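Number of protein chains: 2
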Amino acid sequence: MNAEIIAVGSELLTPHRQDTNSLYLTEKLNDLGVEVRFKCIVGDDLEGLTAAAKLAMRRSDIIIFSGGLGPTEDDLTREAVAEALGLKLQRETQLLAKLEERFAKRGMKMSANNAKQADILTSAAMLPNSLGTAPGQWIAGKYDGQERLLMLLPGPPYELKALFENECIPRLRARIPAQYIATRTLKMAMMPESQVDARVAPIYKTYTDVETTILAGAGEIQLHLRCRKDSQTDAEARVEELAGKIEDEMGDAIFSRKGETIEQIVSYLLQMRGMTLATAESCTGGLLAERITSLSGSSRYFLGGAVVYSNELKTQFANVPKALINQHGAVSREVAASMAEGIRKRCLSSYGVGITGVAGPTGGTEQKPVGLVYIALAGEEGTQVVERNFPGDRKRIRQFATQQALEMIRRALL
Amino acid sequence: MNAEIIAVGSELLTPHRQDTNSLYLTEKLNDLGVEVRFKCIVGDDLEGLTAAAKLAMRRSDIIIFSGGLGPTEDDLTREAVAEALGLKLQRETQLLAKLEERFAKRGMKMSANNAKQADILTSAAMLPNSLGTAPGQWIAGKYDGQERLLMLLPGPPYELKALFENECIPRLRARIPAQYIATRTLKMAMMPESQVDARVAPIYKTYTDVETTILAGAGEIQLHLRCRKDSQTDAEARVEELAGKIEDEMGDAIFSRKGETIEQIVSYLLQMRGMTLATAESCTGGLLAERITSLSGSSRYFLGGAVVYSNELKTQFANVPKALINQHGAVSREVAASMAEGIRKRCLSSYGVGITGVAGPTGGTEQKPVGLVYIALAGEEGTQVVERNFPGDRKRIRQFATQQALEMIRRALL
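So the sequences go chain by chain: A and B. Numbering-wise, our numbering puts 286 at position 86 of the first sequence, and it's gapless, one number per residue. Numbering-wise, our numbering puts 562 at position 362 of the second sequence, and it's gapless, one number per residue.
One should not assume that every hint holds.
[Said to hold, decoys possible] In silico SDA-like pairs for lysine to any residue, Cα to Cα no more than 20 Å straight-line:
hint : chain 1 : residue 1 : chain 2 : residue 2
1    : B       : Lys458    : A       : Arg217
2    : A       : Lys254    : B       : Thr250
3    : B       : Lys595    : B       : Ser494
4    : A       : Lys595    : B       : Glu460
5    : A       : Lys595    : B       : Ser494
6    : B       : Lys309    : B       : Leu296
7    : A       : Lys288    : A       : Ala315
8    : A       : Lys316    : A       : Asp245
9    : B       : Lys361    : A       : Arg217
10   : B       : Lys429    : B       : Ala374
11   : B       : Lys228    : A       : His216
12   : B       : Lys228    : A       : Arg217
13   : A       : Lys545    : B       : Asn511
[As the list claims (entries may be wrong)] Covered stretches of chain B, going by a simulated chain A footprint (3 or more residues, C-beta under 8 Å):
hint : region
14   : 204-216
15   : 494-507
Quick caveat, the hints were computed from the structure, so don't treat them as lab data. This structure is a prediction, so every number in the text was calculated from the model and none was measured. Idealized CB from N, CA, C, for every residue including glycine.
Throw the hints in and build the complete structure from the sequences for me.
The structure is reproduced here in C-alpha cells:
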C-alpha cells in the first residue's frame with residue numbers, strides 16, 4: 201500500500217519553518233510495510249487544499265493530513281476534505297460540551313470560533329486528542345471503487361504523535377496485510393563514504409531483497425538495511441546475514457549496529473571498564489564535553505574538563521608548559537599531547553583528551569591552515585596524537601574533530 | 201506571482217532525509233516578491249513526476265524542480281517534464297563533448313548513462329553548471345494560455361544555489377514586475393511567547409500591510425516583519441515604523457533587530473567594552489562555551505572555562521569550597537555564585553558565569569526537580585544569581601540555561 205502525506209499550514213511555506221511530522225509518519229508507515237509515495241505542503245487555502253485532497257484520493261491508498269484543525273479561520277482541513285469527498289460536516293454536541301468544559305476548567309469562556317473544532321465529517325470516526333483541543337478524524341471507505349484510508353491529524357508534533365500512535369496505528373494494523381520488516385543500522389566513524397561504499401557495495405548488491413541506504417555526515421557513515429518478508433524470521437535472517445557479511449568486511453570500523461550514537465558506545469565502554477574521562481579543548485570550544493554530557497548519567501564516567509582557549513589557561517588548567525607553547529605554537533602535536541596528559545593528571549581520570557587546531561574561517565596560515573587539528577588521547581598506556589586536515593566550515597571542522605576524539609576513545613577501549 | 205517547488209528523489213521520502221533546498225528557494229523567491237504556494241516531494245517515478253508536473257503547470261506561475269537530473273536510470277525529471285509539456289528531449293552534442301572532456305580530465309572514460317545529462321528539452325535554455333555534471337534548464341512559455349516559467353535544477357544544494365543565484369534570479373528579475381520588499385527581524389530572549397504576543401499584537405495588527413510572523417524557540421522569540429510596496433523607500437518606511445513602535449513597547453528586551461544571534465550581540469558588546477568572559481558549567485556540560493566559541497574570533501573575548509561535572513573539579517577549577525557544596529548541595533544558588541566568582545578569579549576575566557542544575561531526565565528529587573537550574577554572573581559590580589525551572593527534555597533545559605546566561609551577560613553589558 202502507498203501513502204501520501206499532506207502537511208497543511210502557510211507557515212510551512214515560509215523560509216523559516218519546515219514540516220517535520222512527515223519524517224515521523226514515514227518511519228511508522230514503513231514499519232507497517234507502507235511506502236510513502238508523495239508528500240505535499242499546502243498553505244491555508246481552501247481551493248489549493250481541496251485540489252490536493254482530490255488528487256491524493258485518486259493516486260494514494262492512505263492519505264494523512266497534518267495540521268489545519270485549529271479554531272481559526274485559517275484552519276481549513278476539515279472543510280477542504282468535506283468538499284473533496286462530497287461529505288458534510290456535523291457539529292458533535294458531546295464534543296462541543298467537552299471543549300466548553302476544557303475552557304471552563306481554566307476559568308475561560310470559550311470563544312465562538314472554537315466550536316468548529318467539534319465539526320466531524322459524516323462517516324468519520326472521531327479520534328480523541330487528550331493533549332489538545334482538536335480531535336483527529338479517521339475515514340475508511342471506497343472512492344471511485346478504490347479502498348481509501350484517510351486521517352486528519354493535528355499539526356503540533358506531540359499531539360500528532362500521540363494520536364497516530366494510539367489511534368491510527370491499531371486501525372491501520374487491522375486493515376493492512378501483516379508485513380514483516382527487519383532493519384539494521386550499521387555506523388562507522390572517520391571513514392570516507394567512497395571508501396566504505398567501494399568495500400560494501402559488492403556485498404549488499406547481491407542482496408536484492410534488502411534495501412540498503414548509505415548516509416554520510418561529518419565523520420560518520422551510516423548503512424541502513426531494511427528487508428520485508430512474509431515472516432519476521434525470514435526478514436530478520438536476511439538482514440542479519442547481510443549485516444554479518446558487512447561486519448566481516450569492515451571489522452571494528454563499525455562502532456554500532458543498533459543505531460546507537462558514538463557518544464553512547466563510548467559511554468557503554470567506559471562504564472563497562474569502570475573508567476573515567478576528562479577533556480581539554482581549544483578549537484572545539486566545549487563541543488566534545490557538550491556531546492559527551494548530552495547523555496543522561498554521563499557524570500558516572502565524565503569528570504569534566506577545561507575549555508582552554510587562551511594560552512594562559514592551557515597552562516593553568518591543563519599544565520601545558522609555557523615553553524612548549526612558545527616552542528611549537530598552540531596548534532601543534534606537542535601541545536595537544538600535553539593538554540591530554542595535563543587534564544588527565546589534573547582530573548585524575550583514566551583518559552584525557554586534548555584538542556587544538558584552527559577551526560576558521562580566520563586564523564589560518566600557510567603552515568597551519570584552517571582545518572588543521574591535532575587530537576590527542578592520553579591514558580595509562582601512553583599518549584597518541586593524530587593530525588588531521590578537515591574540510592568544510594567552522595561547524596563541520598569542529599564536528600569532525602570531536603568525532604575523531606570519540607573514535608580514538610572508542611578504539612582505545614576495545 | 202505564485203511558485204511551486206517540486207523536490208525529486210526517493211531518498212526524500214524516507215525517514216532519514218528532508219528537502220532543504222526549498223527553504224533557500226523560498227527565501228530568494230520571496231525577495232523577488234513571489235510567494236510559494238505549494239511544495240511537493242515526489243520519488244523517482246515517471247508517472248508520479250509527470251502528474252505532479254501537469255498539476256503544477258495548471259496551478260502555478262513558476263515551477264521549480266530540484267533533483268532528478270543525474271545520470272542514473274532513477275533520474276527522471278527531464279523525461280517527466282517532456283511528457284507533461286509535450287516537449288521532446290534533444291541530445292546537445294556540444295554539451296556531450298564537454299561532459300566527455302570532464303571525465304577525460306580526471307582520467308576516466310564516461311559511461312554511456314552519463315550522456316543523458318546532455319538531453320535538453322526543446323524550447324529550453326541550458327543553464328551551465330560549473331560545479332557538477334548536470335546543467336539546469338529554463339523554459340518560459342504559454343501553456344493553456346497561461347504564462348509559465350519552469351526551471352529544472354540539480355539536487356545537490358551547492359549546485360542548486362549557484363545555478364539559481366547566477367542563472368535563474370537574473371532571468372526572473374527580467375520577467376517579474378519589480379517588487380520592493382523590506383524586512384526586519386526582532387529577537388527577544390527569555391520571554392514567554394504569549395506575553396510577547398499580548399503586548400505586540402495590538403501594535404502589529406494595525407499594520408495590515410506588514411506581514412508579521414512570531415517564531416518561538418527555547419528561550420527565544422523572533423518577530424519577522426515583511427512589507428511589500430511599489431518603492432523600496434515606502435516598504436522600508438513601513439517596517440521601520442512598525443519595528444520602532446514594537447521597540448518602544450518592548451524596550452531593551454529586544455536584543456537584535458537585524459537577525460543577529462544572541463551570541464553575536466554578546467560578542468559585539470564584550471568587544472566594544474574591551475571585556476572578557478570565562479565560564480564554569482556543570483549541567484550544561486560545555487554547551488555555553490560551545491555556543492560562544494561557535495563564532496570565529498571569539499578568542500578575543502572568551503578566555504575559556506571549565507566543565508566541572510564532578511564536585512572535586514568544582515573545587516579544583518572554580519575554587520568552590522568543599523564545605524559550601526556539603527552545606528547547600530552542588531545544585532544551589534550558593535554554589536552557582538561561587539562557580540562564577542571562582543572561574544572569574546582563576547581566568548582573570550571581566551565576567552564569570554556559573555551554571556549548575558538538574559538537566560534530567562534522571563537525577564531529580566522533590567526538592568531539586570528536573571529543570572531546576574541556577575545561573576550566576578559575577579563581575580566587578582558583584583554577583584547575581586537567578587533560579588529557574590525550565591520545562592522540556594534534557595536538550596531543551598540545557599538550551600534554556602545557556603540562553604539565560606547569555607541574556608544575563610547581555611543585560612550586564614548594556
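Run the structure past the numbered hints and jot down the numbers of the failing ones, going up. none
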